[in-house]
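S.K.: Listed below are the residues making up each chain.
Number of protein chains: 2
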Amino acid sequence: MAADTDIAATPQPPYYAVIFTSTRTPGDDGYGAMAARMMKMAAEQPGFLGVETARDGVGITVSYWRNLEDIANWKRVAEHREAQRNGREKWYAAFKTRIAKVERDYGFER
Amino acid sequence: MAADTDIAATPQPPYYAVIFTSTRTPGDDGYGAMAARMMKMAAEQPGFLGVETARDGVGITVSYWRNLEDIANWKRVAEHREAQRNGREKWYAAFKTRIAKVERDYGFER
Chain A
7 MAADTDIAAT PQPPYYAVIF TSTRTPGDDG YGAMAARMMK MAAEQPGFLG
57 VETARDGVGI TVSYWRNLED IANWKRVAEH REAQRNGREK WYAAFKTRIA
107 KVERDYGFER
Chain B
7 MAADTDIAAT PQPPYYAVIF TSTRTPGDDG YGAMAARMMK MAAEQPGFLG
57 VETARDGVGI TVSYWRNLED IANWKRVAEH REAQRNGREK WYAAFKTRIA
107 KVERDYGFER
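Those protein sequence lines, which keep their order, are chains A and B.
If you count the first sequence from 1, position 106 lands on 112 in our numbering, and the numbers rise without skipping.
If you count the second sequence from 1, position 26 lands on 32 in our numbering, and the numbers rise without skipping.
Worth flagging that the hints you see were computed from the coordinates, not collected in a lab.
Certain hints may be false.
Since the list can't tell identical chains apart, any single copy or any two copies may satisfy a pair.
Stated by the list, open to error - Dumping the calculated EDC-like pairs for lysine to aspartate or glutamate here, alpha-carbon to alpha-carbon at most 16 angstroms:
#1 Lys-102 to Asp-12
#2 Lys-46 to Asp-12
#3 Lys-81 to Asp-111
#4 Lys-102 to Glu-50
Computed from a prediction, not measured in an experiment: that's the story for all the values here.
Next comes chain A alone, as it looks inside the complex (with noise of 0.2 angstroms):
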């Protein structure tokens, strides 16, 4: 499993949003040690604004940037670019990575 997150504390918009949804193939097989490693390391990149996720039949993972340098420079790290590699190999089923702007939030807490 990943890591528990909760509502990322992002900055003022404008700010940019990854949108990785996936769905498993059966088993473990590594998974959960290597997303829980890539939640902790993607926390160490330049640019990062936080992260959200959450998995129940289709998973769901959110994370937000500064600006879209951040975003390829991300997706270049090498242990990063290997997970890559074995999610197309072994864990994912399917998966979209949609890129997107965000330009405006609101929110609410109790």
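The hints should help you fit chain B onto chain A, whose structure is shown.
M.R.: Only chain B this time, still in chain A's reference frame:
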């Protein structure tokens, strides 16, 4: 619980995403029925392109729309406004809504 979803079959970008992240108050208190009803109603609105949802501690629901006007119209639908009001009054401990323009996407299917 919200209805099970899979990866949304969205068209070529650009289009819009509404990323709704929330944490719940304890108990159901009509939440499950409302969530299922809102998923069904959203899918009937003009400009709706798809939805993905998962809850596992934090809940993430991403709905996809043709443009900002479609999103604004859905926000104003009477029964949806009632759900928003009840969300603030009883169902959500906290939430954040982010409106984002999807600029690029790519995916994989086994």
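S.K.: Run every hint past the structure and note whether it holds.
M.R.: Here's how the hints hold up against the structure:
In this assembly of identical chains, the alpha carbons of Lys-102 and Asp-12 lie at most 16 angstroms apart only when taken from different copies (11 angstroms versus 22 angstroms within one copy). When the C-alpha separation of Lys-46 and Asp-12 is checked against a cutoff of 16 angstroms, the pair qualifies only within one copy, where the shortest distance is 15 angstroms, while the shortest distance between copies is 26 angstroms. Taking the shortest Cα distances, Lys-81 and Asp-111 sit within 16 angstroms of each other only across copies (14 angstroms), while inside one copy they are farther apart (25 angstroms). With identical chains, the CA atoms of Lys-102 and Glu-50 are never at most 16 angstroms apart, being 24 angstroms at best within one copy and 23 angstroms at best between copies.
Against the hints set out earlier in the document, a violation occurs for number 4 only.
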